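Peer 1: Sequence:
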Amino acid sequence: MDLAIQQAAAAEAAGDVPIGAIIVRSDPTAADAGRIIAAEHNRRIIDADPTAHAEMLAIRAAARVLGDWRLAGCTIVVTLEPCCMCAGAIVLARLDRLAYGAPDPKAGAVDTLYRICSDERLNHRVEAIGGVRAGECGAMLTEFFRKQRAMGKK
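For the sequence shown, numbering that gives the first Met the number 0 assigns the number 0 to the initial residue and increments by one for each residue that follows.
Everything labelled a hint here was simulated from the structure, so no lab data went into it.
Take these hints with a grain of salt, some might be off.
Stated by the list, open to error - Cβ-Cβ distance ranges computed for the label pairs, FRET-style: (1) P27 x F144: 37 to 47 Å; (2) R148 x R120: 37 to 47 Å; (3) P104 x A32: 17 to 27 Å; (4) M84 x G14: 41 to 51 Å; (5) M150 x A32: 41 to 51 Å; (6) R148 x A106: 13 to 23 Å; (7) R69 x F144: 34 to 44 Å.
These numbers come from a predicted model, not from an experiment.
Positions of the beta carbon are idealized from the N, C-alpha and C atoms, including for glycine.
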């Protein structure tokens, strides 16, 4: 989570919402087990791209590194509970595990509003662990949006 939080800080420094994500090879039989293969942060504002969420960018980067769209044997770590788009992409990419920081009461699609990663109707399920350093991750977001409101931004 440390590196995901560092990525979130980089997003904030660039003027974007402080959300960071990393993907690590978690398959203990892989020669590169434990290697971080992607580290990204939100770029929605920076790129004027509504799909440039940290998770989406990390999934794309990891797929390029592995040369495969299937990210089996990998874990994604993100500072905020993924939304519907990102949770869906996590399932479709066949990631094994997800660890996230703060829950998202407005858009969380892993445990809060929906349970996309564990939905038995889908072709893959992702083990999800929420609340990893939730206080720290949530505080970054709360402070960012407090500053935005103070500057008159939405």
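Peer 1: May I ask which of the numbered hints given earlier this structure violates, with the numbers listed in increasing order?
Peer 2: Numbers 3, 4 - these are the hints that the structure violates, sorted from lowest upward.
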